[in-house]
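J.: Could you put the whole structure together from the sequences, leaning on the hints where they help?
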Amino acid sequence: MNFLAIDFPPISHAVEWPIIFGGDLLGVNKVVLLMWASVILVFAFFFIASRKQELIPAGVQNVAETTVDFIRDGIILQTMGEEGLFYTPLLLMMFSFIFVCNIWEVIPVAQMPVNARIALPMFMALLVYVMYHFVGIKRQGFGGYLKSSLVPPGVPKAILPLLVFIELITMLITKPLSLCVRLFANMFAGHLLLITFSIISATLFAIQWQIVILPFSAFLLFALTGFEVLVAFLQAFIFTILTAVYIGQSMHPEH
Amino acid sequence: MLSVLAQAAQSTPDITPGLTAIGRGIVYGGAAIGPGIGIGLVVGNAISSMARQPESAGMVRTTMFLGIAFTEALALFGFVLAFIISG
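Residue numbers (this note's numbering), protein chains in the order written: chain A, 24 to 278; chain B, -6 to 80.
If a hint is listed, it holds; no wrong ones were tucked in.
Over the 12 Å line for every Cβ pair with chain B, so calculated as not near, a few chain A residues:
(1) Asn52
(2) Phe68
(3) Leu186
(4) Thr219
(5) Leu244
(6) Leu247
Here are some chain A residues pointing at chain B (derived, C-beta under 8 Å):
(7) Ile34
(8) Gly97
(9) Gln101
(10) Ser201
(11) Val204
(12) Arg205
(13) Ala208
(14) Asn209
(15) Phe260
(16) Ile261
(17) Leu265
(18) Val268
Treat the hints as calculated values from the structure; they're not laboratory data. A virtual CB, placed ideally from N, CA and C, is assigned to each residue, including glycine.
T.: Right, here's the structure in full:
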């Protein structure tokens, strides 16, 4: 694509990576390596933090306890109540893993958010999908779960069929799809944004290095990098809190 | 004169990429209108309630992010659809 005499690579160059080793079907490329690195990082972080627990936390333990507090007070107690504390490990791991996966976007050398490929968000959305249906059916029974999630309380009989249809679509399609697409599209859009401004800055630098300080190239690139750190945190938070909200809705039906 | 016109008609360029680009622009532009208004409403009301009751700011902020997430999803559908459209 050529725009204002700047050569932009096609989208596939920005997110498709060559396979490093392995076959065609189970090939391992940079994205998979980064995902494995995130798993190891999250595991090592919590392992080191919990190995030597002290009454007055310091260092790594302090950070880990702040994260657990944030998940418990900021997410679970506000959306699910006391009963939801059972899900603390799941939501804590989900938040940490998504955040580390996202933050690769601004780490030099890596600079590829794992969630900019749809595979991982789709898998996690499927996990949540199976989970909140399972919790709902286990808590309320199959009929009770269908009734509480499909029939909104206190609506006139005349528009009930329409509402049931809309709720059915919401429950089966819209919820998991929007959960998956929200995470994927935010990271993908951020990645493209950073690439665009990097290319503009590099081109200006190649033409004449002084003009790289024009407002819409290098400065905006720095500002957007900071913004993407915020987006990485916010998307991990939103994915986790929506998981909590969906499971909470299955646990406590609206009356 | 006629021969020139016939020649021009025969060598019409392929306009599919251009139409695809226009379609992508319309899809994403159209999908961004509603969520833009919606996020404005959500954040505006959250700010005014935070200003009235600063002690409830934490709860309002959490709910505001939830509201933003639900509203923003529609714009992101448009964003993804714009990339799915291929010439």
